[in-house]
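All chains should be built: construct the whole structure from the sequences, respecting the hints.
The chain contents come next:
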Amino acid sequence: MDIQKYISSGILELYVYGALSEKESHEVSRVLKKYPEIKTEVEEIEKSLLTLSAAAAPNNAEHLIASIKNKLTNSTSTTKAPSVTPVRSINWITYSGWAASLLLLVGLFIFFNRTNELREDLQAANARNVQMEEQIANARENAENAEELLAVIRDRNVKRIPLQGQQVAPEAFASVYWNTQENTAYIDAKDLPEPPRGKVYQVWSLTMQPLTPTSIGLLADFETDDNKVFSLENQNQSEAFGITLEPEGGSETPTMEQLYVLGTVAAP
Amino acid sequence: MQQDALILELQNGNERAFERIYHLYSESTYGIIYSIIRDEKIAEEVLQDVFLKIWDKAPSYNSDKGRFFTWILNIARNASIDKIRSKSFKNDQQNLKTDNFVDILEAKTNFSEAVDSIGLKKYIEALKPVCKTLIDYLFFKGYTQKETSEELDMPLGTVKTRNRICIDKLRAMVIK
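Same order as they appear, the protein sequences are chains P and Y.
Per the UniProt record's numbering, numbering through the first sequence is continuous, rising by one, with the last residue being 268.
Per the UniProt record's numbering, numbering through the second sequence is continuous, rising by one, with the last residue being 176.
Since the hints were made in silico from the structure, they are not lab data.
By construction, the Cβ of each residue, glycine as well, lies at the ideal position given by its N, Cα and C atoms.
Keep in mind that the hints are not guaranteed to be accurate.
Subject to a maximum C-alpha distance of 25 Å in a straight line, what follows is the list of computed DMTMM-like cross-link-like pairs (lysine to aspartate or glutamate) [as the list claims (entries may be wrong)]: (1) P:Lys69 with Y:Glu45; (2) Y:Lys87 with P:Glu117; (3) Y:Lys128 with Y:Asp153; (4) Y:Lys146 with P:Glu46; (5) P:Lys23 with Y:Glu151; (6) P:Lys5 with Y:Asp64; (7) Y:Lys65 with P:Glu44; (8) Y:Lys53 with P:Glu46.
Covered stretches of chain P (in silico footprint by chain Y; criterion: 3 or more residues with CB under 8 Å from a CB of chain Y, positions within the stretch not fixed) [unchecked claim]: (9) 5–11; (10) 18–31; (11) 40–52; (12) 60–66.
Quick list of simulated restraints, FRET-style, between CB atoms [stated by the list, open to error]: (13) P:Ala220 with Y:Gln11: 56 to 64 Å; (14) Y:Lys128 with P:Lys33: 30 to 38 Å; (15) Y:Ser63 with P:Leu72: 22 to 30 Å; (16) P:His63 with Y:Asp56: 18 to 26 Å.
So, in structure tokens, the structure goes:
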């Protein structure tokens with residue numbers, strides 16, 4: 001077996017994660033016992049991961065050991081067998097009295113438990129109801145949003161301008177729905193990558209000859225916007241639209257090296 | 001070898017061995033749990049439950065199936081996921097955070113002495129976005145290779161090799 005190749009395949013990392021199938025893990029365990037080099041490799045991976053996950057802990061948790069130890073079920077403790085006492089004459093009346101009260105107690109206990117169970121069921125059902133109501137409210141809101149978007153797209157005064165990905169992000173894509181009557185541009189930015197921290201997308205309206213970019217706004221709160229559709233005011237006689245990545249707050253002029261998408265408005 | 005002996009002692013119900021195991025693994029386990037639960041108090045509770053389970057179930061651990069650390073990881077992730085799916089938790093935490101271990105490490109200031117915090121922060125800073133996602137899914141969240149491949153639309157083999165590249169620098173930093 002080519003040990004180096006086996007190691008560099010990356011299978012050992014997945015083994016330590018527990019990301020392999022049971023069968024694959026078994027196989028790695030077997031190889032591990034055979035080749036000390038591979039075992040060392042696994043131990044190093046494990047050590048790194050231990051460090052990484054330990055660093056994510058709020059504190060070192062040493063203080064919890066005492067309370068955990070108190071709860072350990074002690075497997076070594078032995079239970080004494082109850083000593084047997086010889087049976088003597090039986091006083092039936094006393095016994096039946098005890099039996100009756102015992103029965104009553106058991107009955108009460110069952111009744112009490114049942115009531116508690118019902119109460120818990122009721123609480124659980126109430127909690128579920130609240131969740132359902134929230135889900136319905138969310139769904140309704142989503143539907144309203146979708147309807148609003150549809151209305152925007154269907155408006156006869158709307159031009160759709162597809163913006164294609166540029167050099168920095170060839171796979172990016174966006175669309176502008178420009179309502180020339182209401183001077184509003186809706187930017188559908190679903191296929192733009194999430195901007196890195198501290199950066200923001202800025203939308204530009206462009207006129208050609210000479211090339212003049214005018215900012216029409218930022219795609220604010222990009223990460224948290226669910227539908228990634230942004231509405232911006234655009235009073236310009238735009239001939240093209242472009243989106244660039246800019247430092248937080250936006251820029252006066254577009255950073256052309258960070259031009260993500262660009263598209264021209266079709267002549268009427 | 002030492003490690004194997006320790007695990008054997010634990011399986012035999014030796015409390016001293018349990019303490020050693022706790023010392024070796026509790027902080028990492030806590031990190032995994034906290035990265036899923038994001039609530040210090042609840043994560044502490046789950047950590048306690050996880051170690052009680054480790055004590056109770058230790059005899060069922062078998063090194064043919066995988067590393068002892070991996071076995072603990074699985075117990076910890078499952079317990080955490082059960083917790084966040086539970087009703088009481090959902091009611092308390094309406095807005096579950098979507099960020100991952102990177103955000104925890106970036107925000108953290110009080111590292112224990114054993115951790116090279118500067119090295120670690122540098123490592124995190126230089127980590128590619130795809131690496132962050134891979135490590136988050138595969139290590140912290142416990143996705144399988146297949147699930148990760150489907151989720152990221154990345155071939156199975158690529159998941160394996162990419163992830164190794166992501167972990168390499170971490171190793172260089174930890175093992176000097």
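Each hint, compared with the structure:
| no. | hint | verdict |
| --- | --- | --- |
| 1 | P:Lys69 with Y:Glu45 | holds, 14 Å |
| 2 | Y:Lys87 with P:Glu117 | holds, 16 Å |
| 3 | Y:Lys128 with Y:Asp153 | holds, 17 Å |
| 4 | Y:Lys146 with P:Glu46 | holds, 21 Å |
| 5 | P:Lys23 with Y:Glu151 | holds, 22 Å |
| 6 | P:Lys5 with Y:Asp64 | holds, 22 Å |
| 7 | Y:Lys65 with P:Glu44 | holds, 19 Å |
| 8 | Y:Lys53 with P:Glu46 | holds, 21 Å |
| 9 | 5–11 | holds (count 4) |
| 10 | 18–31 | holds (count 10) |
| 11 | 40–52 | holds (count 10) |
| 12 | 60–66 | holds (count 5) |
| 13 | P:Ala220 with Y:Gln11: 56 to 64 Å | holds, 57 Å |
| 14 | Y:Lys128 with P:Lys33: 30 to 38 Å | holds, 34 Å |
| 15 | Y:Ser63 with P:Leu72: 22 to 30 Å | holds, 23 Å |
| 16 | P:His63 with Y:Asp56: 18 to 26 Å | holds, 22 Å |
In summary, this structure violates none of the numbered hints.
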